[in-house]
Amino acid sequence: MINPSSNKYRRIRGGLDNAVKQAEDRGLHDMNIVDADAHYQPFLDLLVKYLAKFYGVKYEFPPDTEVDPRLLGGIADKYEMMRRFNLTPNGVDSMRDQYLAAPMLWKESGPLTRPETRNASNWSVQDAIDRYTKRMYDIGIKRSIIFPNSYMNLNLIPDPNLEVAMCNAWVDFMLENFLGKYQEILTIVPLPARSPDKAAELIDRVGSEKGIVGAYFSPISDKLFGHEDYDPIYEAMNRKEVPALIHGRAHFGIPPSSEFNKRLSQNFFAFPEWIIKQVVSIIVDGTVERFPRIKWIWAESGITWVPWVAHRLDSYYQMLEEDAPWVRKMPSEYLKDFYYTSQPLEEQYNASHELEYIFKYIDAENKLLYASDYPHWDFDVPASIYDLHFLSKRQKEKIMGENSANLFKIR
Amino acid sequence: MTLVKVAKVAQFKELEPIIAEFGELSVGVYKFNDKYYAYRNWCPHQGGPACEGKVRNVVEYELDQGSVKTMTRTKIFCPWHGVAYDVTTGAHKTNKKLRLLSFKVVVDNEDVLVDLPRVGNA
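These protein sequence lines are chains A and B, in that order.
For the first sequence, the residue numbers in my numbering are 1 to 411.
For the second sequence, the residue numbers in my numbering are 412 to 533.
FYI, nobody ran anything at the bench for these hints, they're computed from the structure.
The C-beta atom is built at its ideal place from N, Cα and C for all residues, glycine as well.
Take these hints with a grain of salt, some might be off.
Claimed, not checked - List of simulated lysine-lysine pairs, DSBU-like, C-alpha gap at most 30 Å:
{"hint": "1", "chain 1": "B", "residue 1": "465", "chain 2": "A", "residue 2": "21"}
{"hint": "2", "chain 1": "B", "residue 1": "508", "chain 2": "A", "residue 2": "262"}
{"hint": "3", "chain 1": "B", "residue 1": "419", "chain 2": "A", "residue 2": "134"}
{"hint": "4", "chain 1": "A", "residue 1": "262", "chain 2": "B", "residue 2": "416"}
{"hint": "5", "chain 1": "B", "residue 1": "416", "chain 2": "A", "residue 2": "21"}
{"hint": "6", "chain 1": "A", "residue 1": "393", "chain 2": "B", "residue 2": "419"}
{"hint": "7", "chain 1": "B", "residue 1": "419", "chain 2": "B", "residue 2": "515"}
{"hint": "8", "chain 1": "B", "residue 1": "465", "chain 2": "A", "residue 2": "262"}
{"hint": "9", "chain 1": "A", "residue 1": "223", "chain 2": "A", "residue 2": "336"}
{"hint": "10", "chain 1": "B", "residue 1": "515", "chain 2": "A", "residue 2": "21"}
{"hint": "11", "chain 1": "A", "residue 1": "21", "chain 2": "B", "residue 2": "507"}
{"hint": "12", "chain 1": "B", "residue 1": "515", "chain 2": "A", "residue 2": "360"}
Claimed, not checked - What the simulated footprint calls covered on chain B by chain A, stretch by stretch (three residues with Cβ under 8 Å from a Cβ of chain A suffice, anywhere in the stretch; the number is not a length):
{"hint": "13", "segment": "457-465"}
{"hint": "14", "segment": "515-525"}
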C-alpha cells in the first residue's frame with residue numbers, strides 16, 4: 001500500500017519520477033526497504049528552542065560569519081580552519097578560495113546541483129516529513145534513518161559545551177517532531193564525543209526512545225576510536241544495546257584532503273580515509289574485544305576498501321602481533337563482523353565480477369544495508385541494489401531491508 | 412521508419428532541449444550548431460532523466476605531437492549524478508557501457524521529427 005503521494009513532487013525537472021517508475025516496474029513497493037542513511041538538516045532557528053535547555057546563555061552565532069548562520073556545518077568547518085591555521089574568519093574565506101580555486105563545494109558546482117538537493121539543507125519540519133513519508137515512499141523506501149548532516153563535524157566547533165547542547169537539542173527536536181509520530185522516520189543520537197561522560201548520559205537518556213536506532217560520533221577526530229577516553233560512551237552503548245552507526249565524513253578544503261586539488265580526488269579519498277583509520281584503531285586497540293556487544297556500522301564510504309584493509313592488516317598483524325594484545329582472531333575476521341551501508345555503491349563498469357567477489361567477501365547478504373544518502377548528489381536509488389545481476393531475490397530482500405530491520409529492531 | 416513530430420523548427424533554441432513524451436518513452440531533442448540530436452531521456456547509469464540536466468562545455472586535453480591540444484566538448488549532464496554525455500554522440504567519454512539511446516532526427520520544412528521504431532514500447 002503506497003502512501004498517498006503529493007503531486008508537488010511529480011514532474012519536477014530533473015526530479016525522481018524515473019525512480020518512482022523503477023519502483024513500480026520492479027515491485028519495490030511490495031518490499032520492506034529500509035534506507036540506512038538519509039539526511040536532513042533543519043534551520044538552526046528550529047533548534048534554538050531546544051538548545052536553550054542545554055546551553056546556559058542565549059546562543060548567537062558570530063556576526064562576522066558570512067555563511068548562512070542557520071547552516072551549522074559551514075560554521076563547524078570554518079572553526080576548524082580557524083583553529084588549524086590560526087586564521088580570522090575572513091582569512092578562512094580567502095584561504096578557502098585559494099584552496100578551492102575552481103568552483104567546488106562552497107559554490108555552485110555545475111552538474112552537481114539538482115532540484116531536490118538545492119534546498120535540502122534547510123527544509124522546514126513539514127518539508128522533511130513530506131519528503132520521507134511521501135517522496136521516499138514513492139520510490140519504494142518504507143523507513144529512513146536520518147542523519148543531521150551538519151552535525152557530522154560538530155566535534156570541530158571550539159566550545160565542547162555547545163557540542164553537548166547541540167546533540168541533546170537534535171534528539172529532543174526529533175523526538176518532539178518526528179519520532180514515534182511518523183514510523184517512516186528514524187534517527188541516530190549524535191554524540192558529543194569530546195565529553196564522553198555527557199555522551200554516555202545522552203545515550204542513557206534517549207537510547208531506548210522509539211525511533212532512535214543508533215549513535216554517531218564524527219570519524220574525524222584527534223583521538224581515534226580505540227582510545228580508552230571513549231570507554232564511557234562504549235559502556236553506555238553496550239548497556240543500552242545502541243549500535244555505533246559511523247558515517248564517513250569529508251573534510252573538503254583542509255588538510256589532508258586538500259592536498260588534492262579537485263573535488264573528484266577529495267571525494268574519492270576523504271570518506272573512506274577516516275573510516276579506515278577508526279576501523280584499524282578499534283581492532284588493534286581492542287575496543288571490539290572490550291565491548292563485544294556493540295554492533296558497528298560503517299556508512300557512506302562504500303565497501304571496496306574492506307578487502308584491502310583486511311588483507312593488509314592481517315599481514316602486518318602476523319608480523320607485529322605484540323602491538324595488539326587484545327586481538328583474539330585475525331583482524332579480517334573483525335571486519336567481517338561489521339556492517340556496511342551500500343552507498344555510494346562502487347559499481348565499476350556495471351556490476352563487475354570484482355564487485356560480486358567483494359559482496360561475498362563482506363557477507364553482503366547478511367552484513368550490507370541499503371542506503372540512499374538522499375538527498376545528496378551522489379545518492380543511490382533502490383534499483384542500484386535491486387538490479388545487481390549476481391544477487392538472488394532473497395539476497396536483495398535482506399540487503400534492501402531485512403538486515404537493517406533486524407539490526408535496528410525496526411518493526 | 413516511424414516519424415513523429417516533436418516541435419516546430421522555430422521553437423528550438425540552441426542547446427535547450429525540447430522533451431517530448433510518446434507513451435512511456437521520453438525523448439529529449441537538442442539543436443546544436445544547426446544540427447539536431449535526439450536521445451532517450453533516461454540515463455544508463457542509474458536511470459535518471461538525463462535530458463533534463465544542464466548542458467555545459469567541458470575542456471579536454473590531449474597530447475598532440477608533443478604539445479597539449481585543448482578541446483572543448485559540449486555535454487549533457489544527468490541531473491541525478493552528473494554523468495556526462497557528448498551532445499553530438501550521446502556517448503560517455505570513457506565508459507562504453509554508458510551511452511544515451513539515440514534516435515534519428517528529420518527536419519521536414521517547419522517541423523522537427525524523430526524516428527521512433529518502437530513508439531510506446533521502449
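These are the hints, each one checked on the structure:
no. : hint           : in the structure
1   : B:465 to A:21  : holds, 22 Å
2   : B:508 to A:262 : holds, 25 Å
3   : B:419 to A:134 : violated, 38 Å
4   : A:262 to B:416 : violated, 43 Å
5   : B:416 to A:21  : holds, 25 Å
6   : A:393 to B:419 : violated, 47 Å
7   : B:419 to B:515 : holds, 16 Å
8   : B:465 to A:262 : holds, 21 Å
9   : A:223 to A:336 : holds, 24 Å
10  : B:515 to A:21  : holds, 26 Å
11  : A:21 to B:507  : holds, 25 Å
12  : B:515 to A:360 : violated, 43 Å
13  : 457-465        : holds (count 7)
14  : 515-525        : violated (count 0)
Going through the hint list in order, the structure does not satisfy hints 3, 4, 6, 12, 14.
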